[in-house]
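Keeping their order, the protein sequence lines are chains A and B. Just so we're aligned: 112 in the numbering used here is position 112 of the first sequence, and the numbers increase by one with no gaps anywhere. Position in the second sequence counted from 1, then plus 130, gives you the numbering used here.
Derived by calculation from the structure, the hints in this document are not laboratory data. Honestly, I wouldn't trust all of these hints.
Claimed, not checked - Here are the in silico distance ranges between beta carbons for each label pair:
| id | chain 1 | residue 1 | chain 2 | residue 2 | range |
| --- | --- | --- | --- | --- | --- |
| 1 | A | Q123 | B | T289 | 21 to 27 Å |
| 2 | A | Q123 | B | G174 | 39 to 45 Å |
| 3 | A | L74 | B | A193 | 56 to 62 Å |
Keep in mind the model is a prediction, meaning the values are calculated, not measured. Using N, Cα and C, we set each Cβ at its ideal position, and we do this for glycine too.
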Amino acid sequence: MLQLLLVDDSRTVRLAARRMLTQAGLELLEAEHGGQALELLQRHPAIAVILLDWFMPVMDGLSLLKTIRGDRHLPQPKILMCTREDHPARITEALDHGADEYIIKPFNEDIVRSKLSQAGLTQFARRSAI
Amino acid sequence: MIQPADYDFLSQFFEQRTGALLGPGKEFLLQARLVPLAQSWGLGSLHDLVEELRHTASSPLGAAVLDLLTTPDTQFYRDPETFDDLRERLLPELMQARRATRRLRIWSAATGTGQEAYSAAIMLRDDFPDIGQWCVELLATDLSIPAILRAAAGRYSQTEVQLGLPIRQLVRHFHPVDGAWQISDDLRRMIKFQALDLLEPFPSIGQFDLILCRNVLSWFSPSEKRSVLERLTQSLRPDGYLLLGAAESAWGLTQQWEPVEGCRSVAYTPTVSASGVLRIADRVTA
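Bound conformation, chain B alone (with noise of 0.2 Å):
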C-alpha cells in the first residue's frame, strides 16, 4: 500500500496544478490508477513513481499521472435512481414546461469518458418517443481533455459497456468494433464535447434545463464547492433541475439551492431568492 510520505506529495501535487483536494482515504484510488502507469514506465513500484515525479513534476509523467486522477471512474447509469428520476419525474416535468418551444438543454458537466450523457441521450431516445420532435441540445464536459476526446469517440470496451448498460439497449444502440463496443452516429451527433474546467469562469454556454454536476464536487474545498454551485444557478434557468452525485450534498453550501422533495436522487431547484422566479411545482399549486 502506498507511504503516507508518498501519499501527502501526491496529494499536494494534485492540489497544486488542479486546485482541487485529494482528500484522505484515496489510498486504493492511486493504487489502482497509478501502479499500472509505473510499470508502463519501467518504474518498479509506485514509490518510484513517486521519486521520479518529486524530480521532473513538470514532465510528461505528471501529465500521465494528472490525467489518471482527474478521469472519472464512471459507467453507464451511474446511480441508476437518477435516471428513474429523470425518466419517471423530473425530464415529464421540464418537457412539460418547455412544450410550447420544445427545446431542451442539459449540461453533462463533469462527464469523463462520456457514459452519463450517453446514458442521458440513450435514455431520451428510448423513453420519450416524441423526442425526435424536440430541438435537444446536450453539451458534455470534463476537465481531462484526454477523457473528453474517449467520450467524443463514443468506443468503449466490453468491460466499460457491461457495467451498467442494459443489454438491449446495447445491441440497439452500439456496434462491435474490434473487440469493443462503438455508438451509433445518430446518438454521438446528440452531444457537444468540450473541456472545461469547473473552477474556472464558465465560458459563453448559455442558460441549460437540466444540469448534471455528479461525483465532481467532491473533489473540491468547501469553497471551491460553494464558488461552483453559485456558478451553476447561473447557468440554469430558473425552473431547471442540478443533479449531484448520490454521496454529495449542497446543504450548509449555499443558500441558493434547495432540494427536490420526493426524489430519489439529489435533485435541487434554484431557490425562489436566487431566480426571483417561482419553480415549476410553485407555479401548479399556486
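If we strip away everything but chain A, and leave its shape as in the complex, we get (with noise of 0.2 Å):
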C-alpha cells in the first residue's frame, strides 16, 4: 500500500484527511509541522506522497519543501502543498522549488484522487461512469 505523509498543524484537517484518504486506499503517517515531518521521512523512506500544508509552526511547509528538494540524499517523493494560499504568484513559488502539484483548501476526496493523478499516480484517477 502506498505511504502518504500528511503534514498539517491543524488536527480537524489531518482528521477529515484521514477519512478521505485511507478511503482512497493510502496508508498514512501524520506529522504537525516540517520538523516532525522530516523526521519521519528520513525514518520511512518508502513515503511516497507528502500532502503538504503551507502554514505551520517550527518549519513551514514551504522551507520543508527546500529542505527535501535541495538535498537529493533525502527521499524525493511527490510532493502535493494543500493550503488556503490561493494566489497565483505563491502557487508558482511552491511549483517552482519543487512541488508536484497543488491543493487549495477546503477539498475533498475526489480532488486528492485527481491531484495525485495529476502528480503521476494515475492509479488514483477515477474512470468515467455513466
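With the hints as a guide, dock the two chains, each given alone in a separate frame, to form the complex.
This is how it looks when you write it as C-alpha cells:
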C-alpha cells in the first residue's frame, strides 16, 4: 500500500483528510509541522507522497519543500502542497521550488484523487461512469 | 433514498421533456442533484418535490429539474486517456493532413459547462507550439442553455478547477476573481458556444475534423443513438475522428463507424462505405 505523509498543524484537517485518504487506499503517517515531517521521512524512506500544508509552526511547508528538494540524499516523494494560499504567485513559488501539484483548501476526495493522478499516481484517477 | 414511484415519475417526466432515457440505476444522481433543489424551493424532501411536479410539471420548478438533469457532470480533462490520444496521435495526424490549409475545426458536441472545450483549447495552446499559425475553429454545444451560458462565461469554482486541471495550467490560463477562477479572454475567444439538441436535425454547422461526443449517447435509446451517430457522419470529414465517452461504444448500432486501432480512448473514424474515401491510415499504407 502506498504511504502518504500528511503534514498539517490542524488536527481537524488531519482527521478529515485521514478518512478520505484511507478510503482512497493509502497508508497514512502524520506530522504537525515540517520538522516532524522531515524526521518521519528519514525514518520511512518509502513514503511516496507528502500532502503538505504551508503555514505551520516550527518549520513551514515551503521550508520543508526547499529542504527536501535541495538535498538529493533525502528521499524524493511526490509533494502536493495543500493549503488555503491561492495567490497565483505563491502557487508558482511552490511549483518552482519543486512541488509536484497543489491543492487549494477546502478539498474533497475527488480533488485529492485528481491531484494524485496529475502528480503521476494515475492509479488514483476516477474513471468515467455513466 | 428515492422511492421507486418517484423514480418512475421522474424518468417519465425526463423522457417526455427531452426524448432521452434516464434509465435504471440513476438514484444517486437524482438524489445528489434534486435534493438541494428541493431545499432551495422550501420543499421538505425529494418526494415533496416530485409531488409538486405531479401538479405543476410545466412550471419553473419543472424547468429547474430538467436543467439539473440535463447538465452533465463534467470536469477538465475528463478521461485523461482521451486527451493523451489527442495530444500524441490524433491531433498530430490531423494537423499533418491539414498542413496545406492550416485549418482545423473541432466540435465539442455535449460540452456541458464547457470544461471539455476549454481542455481542448488549453491543450492546443500548451502542447502545439505552432497552433498560433493555424486557423482553429472550436464549436462547443449543449442542450442546456444555462450550461452553455456558464461555459461561455468561463468562470469556475475552486473545486471545479481542481478536478482534472493541472495546477500549472490553472495559473497559466486562469486568474482568481471573487473566490472563483476566470479563464483568459484569449482562450474564451477561441470557442464559439451555442445551444444545440443532438436529437434534432443539426443546423448548418459544416463539417469538422474532430468531434467529441462524450458521455451523452448513454442517455439515449438505441434508435436515438443510431440516429445521432448516423448524423454525426455527415458532420465529420471523411478522415476525421469521433471520440465517445470511456464507457460508450458505437458497436452494434451502426456500420458507419469503425474503431481506431491502438487508441486508449473510444475513437472512431467513418468507414469507407459511409465516406467513400480512404482514411488517413489507409492512405499512408496504400
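Going through the hints against the structure:
no.: 1; hint: A/Q123 to B/T289: 21 to 27 Å; verdict: holds, 22 Å
no.: 2; hint: A/Q123 to B/G174: 39 to 45 Å; verdict: holds, 42 Å
no.: 3; hint: A/L74 to B/A193: 56 to 62 Å; verdict: holds, 58 Å
The structure agrees with every numbered hint stated previously.
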